[in-house]
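Could you put the whole structure together from the sequences, leaning on the hints where they help?
Note that UniProt numbering numbers the sequence shown so that position 23 is 23, with each residue one more than the last.
Hints are computed from structural coordinates only; laboratory data are not their basis. Predicted, not measured: the structure shown is a model, and the values here were computed from it. C-beta: ideal position from N, C-alpha, C; glycine also. It is possible that some hints are incorrect.
Said to hold, decoys possible - Now the in silico label distances, taken between C-beta atoms and shown as ranges: (1) Tyr104 <-> Ile146: 39 to 45 Å; (2) Leu16 <-> Ile93: 21 to 27 Å; (3) Val177 <-> Glu153: 33 to 39 Å.
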Amino acid sequence: MILAQPGVCSSSHNTLSPLVAALPSWFRFAQCLRCYYDTKLAFPHLVNAGKYSASIFVLIFTTLNTIQREEFPANDQIIDRPVYLLWILCAVINSCYTFYWDVYMDWGLELHKKTRPKGLKFHHITIYYLAIVEDLLLRFAWSITIAVDGLLEKEITLSILAAAEIFRRFVWNVFRVEDEHVISYKFRTPSPWLPKHEADFEASRHQPGAIAQHKNNDHSQK
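Written out as structure tokens, the structure is:
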């Protein structure tokens with residue numbers, strides 16, 4: 001009977017979990033590259049691919065940092081942990097990248113313009129500024145792991161981050177749906193064809209004698 005060596009399960013967990021966590025970003029990264037291949041449009045497809053690649057790099061250095069801390073637990077000097085510094089750098093780049101994409105691409109918010117975009121559902125513009133601040137703070141929620149390192153249990157920290165991420169995604173979805181509504185409002189066009197009874201109804205609303213004219217046109221075309 002072969003007994004498991006100490007640290008084997010932990011090492012496997014530290015390797016397998018990041019791989020599973022990276023799959024969604026990898027699939028989206030591949031989709032963006034495919035869209036670029038089909039359309040030859042660097043923006044937004046290659047830029048969006050860069051966003052997902054940044055997330056993958058964060059997971060890579062998170063894994064390396066975790067392994068390094070387990071192998072060298074006594075090495076607490078940041079200057080002696082280049083992987084830790086690279087993790088922070090990648091996390092900052094990823095947070096800035098995704099925050100910009102959330103606000104300007106996914107939400108379509110251009111609040112610096114003087115004119116208010118048509119189709120916005122919230123009447124108070126303050127709500128949009130609050131959403132931007134909320135998204136910025138929660139995009140950098142990972143920094144809590146640095147602030148409370150050694151003060152809270154890892155499970156508690158992860159639970160706080162998970163709850164914050166659920167709330168951030170909920171808010172993101174609200175404004176994402178609104179942006180789709182704004183886009184459809186901006187680019188919607190009248191239907192080129194209506195059933196006869198609906199066409200008569202629309203004509204009667206705008207021109208009192210249009211129904212008779214519409215019927216005469218139908219008879220002349222037969």
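Consistency of the hints with the structure:
no.: 1; hint: Tyr104 <-> Ile146: 39 to 45 Å; result: violated, 28 Å
no.: 2; hint: Leu16 <-> Ile93: 21 to 27 Å; result: holds, 26 Å
no.: 3; hint: Val177 <-> Glu153: 33 to 39 Å; result: holds, 37 Å
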